Amino acid sequence: MLAKYRELRAAFDAVAQVGQDPFGVIFDRVVSATEALLGGRRILLLGTNNYLGLTFEESCVAEAVAAIQAEGTGTTGSRIANGSYGGHAMLEARLAKFLKRRRAMVFSTGYQANLGTLAALAGPKDHLLLDADSHASIYDGARLAGAQVTRFRHNDPEDLRRRLRRLASQPGEKLVVTEGIYSMLGDTAPLRDIVEVKREAGAWLMVDEAHSLGVLGEAGRGLAEAEGVEADVDYVVGTFSKSLGAVGGFCASDVEDFDLLRLASRPYMFTASLPPGVVASVSQAIEVMESQPLRRSRLHRNVRHFQGGLVAAGFDLGPSASPIASIRCPDQPTAIRFWNGLLQAGVYVNLAIGSATPEGRPLLRTSICAEHTPEQIELAIAAIRAVGTELGMTGNATLGAAAE
Amino acid sequence: MQQDEIYGQVVSAIGAVVGTTRPITAETNILQDLSLDSVAVMDFIMQIETQFDTIIPLNRIAEIETVGDLVRILSASVQAA
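These protein sequences, in sequence, are chains F and V.
Under the working numbering, the first residue of the first sequence is numbered 1, with each subsequent residue one higher.
Under the working numbering, the first residue of the second sequence is numbered 1, with each subsequent residue one higher.
Because the hints were derived from the structure by calculation, they are not lab data.
Since the model is a prediction, treat every value here as computed from it, not as a measurement.
Be a bit skeptical, because a hint or two may be false.
Claimed, not checked - Which chain F residues stay away from chain V? Per the calculated CB distances, all over 10 Å, these:
hint	residue
1	LYS4
2	GLY19
3	GLU58
4	ARG143
5	GLN148
6	THR150
7	ARG153
8	LEU167
9	ARG199
10	ALA231
11	ASP232
12	ARG301
13	ASP331
14	THR373
15	GLY392
Said to hold, decoys possible - Stretch by stretch, here's where chain F covers chain V in the computed footprint (C-beta under 8 Å, at least three residues):
hint	segment
16	38 to 44
17	57 to 69
As the list claims (entries may be wrong) - Listing some non-contacts, in silico: residues in chain F with all C-beta distances to chain V over 12 Å:
hint	residue
18	LEU2
19	VAL31
20	GLU35
21	LEU128
22	ALA145
23	GLN170
24	GLN292
25	ASN340
26	THR394
A virtual CB, placed ideally from N, CA and C, is assigned to each residue, including glycine.
Using the sequences and the hints given, assemble the complete structure.
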């Protein structure tokens, strides 16, 4: 049965042969939001999505510990079958308040939030219009929905407009899906233009703010807030596993009868609900995110420092102000050597190859954290410059793609 | 638009993408014979959709293995429009 994956194995072995296996890194221990131990060495984490650095935040840890002691380690069942804990309902109310939405619904992972929302919203007669660079969870949700799926060119509202026009005569609802910040290149969606197209076509709009929650917008509600178009976003999806430092996901909305999704969304119904410790730490993380806006300022200062340093080192940067920046490599062997070189220099980044990357081009993906110190950022810049120079990439490599 | 005409345009579009001088026939397997991965195929189909001003739903892409399959589905969608 596994014979069909033989080619995958060969490709994987080729990657692992160069040095450390990039997809099998096992840290001895993660010691803080920015550091881990690997083979007894201290490694700087530069690929965590831990944007606000809340994984070790004292009050979040304390709330999680207290909740585990009071309510146990797990819920051992789904909310439909086993009932909800008070914390689930409180988290949903707290999240809705933060997002300024009437209702919010939590899922056990961010992946399931997309899967569960899309699969329940769109039926076989409906149309989903997905940005071509959408995350796998959006594609998988579309598949589970069984809807008619149309891709539009990445961040191209005109292309979306053309496709919606083509579909105008077809029956069924149309739901446009975009992301706030795209996870691989860190570019943001042209949301105002997309909203205009969506209005014109009478379509619905869902925005996945997984990487933009806590990062963009005055209050950290994401790209829709930053662009002033929240009223036109019908469904906002997001995750607890990035800025909020835990695991889980959500969908929030003002749409009438939104709660019906609880009875229709299989990825919501047929999975164990979030454990008390996670519910508690996420609830507290929302408090921290709201009451400590300086964390976001620190994050953006760090982003400017890091990306500015890379520009000075000769890497070509796009205009994105996102904490994600990706170094595009000319080919896979170079990307793998770059990744290994950085790890040897004590810096861990994400290696992205194959179908996860736009246009299938290999990337070294970095993400910045509010807790990175200026010294850590200098260390990261120096390491990237040194390894990049060794590989002959400085000066001609492209970082980010927001320019496209 | 006639199927022959669509076939001709698809073949030249493939030629432009894979830059091959290999002969392309209706039996050519898009993934295997043209060394395109699944993402490249999806992007190529998006380009074809634009060129023919039509839509091939993503859920039908699984049916497309050969150039002939693509032309058949494309012809149906162009005629339906």
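Okay, the hints, checked on the actual structure:
| no. | hint | result |
| --- | --- | --- |
| 1 | LYS4 | holds (13 Å) |
| 2 | GLY19 | holds (25 Å) |
| 3 | GLU58 | holds (43 Å) |
| 4 | ARG143 | violated (7 Å) |
| 5 | GLN148 | violated (5 Å) |
| 6 | THR150 | violated (5 Å) |
| 7 | ARG153 | violated (7 Å) |
| 8 | LEU167 | violated (7 Å) |
| 9 | ARG199 | holds (21 Å) |
| 10 | ALA231 | holds (29 Å) |
| 11 | ASP232 | holds (24 Å) |
| 12 | ARG301 | holds (36 Å) |
| 13 | ASP331 | holds (14 Å) |
| 14 | THR373 | holds (38 Å) |
| 15 | GLY392 | holds (25 Å) |
| 16 | 38 to 44 | holds (count 5) |
| 17 | 57 to 69 | holds (count 3) |
| 18 | LEU2 | holds (19 Å) |
| 19 | VAL31 | holds (37 Å) |
| 20 | GLU35 | holds (34 Å) |
| 21 | LEU128 | violated (9 Å) |
| 22 | ALA145 | violated (10 Å) |
| 23 | GLN170 | violated (9 Å) |
| 24 | GLN292 | holds (40 Å) |
| 25 | ASN340 | holds (24 Å) |
| 26 | THR394 | holds (28 Å) |
The structure shown violates the earlier hints numbered 4, 5, 6, 7, 8, 21, 22 and 23.
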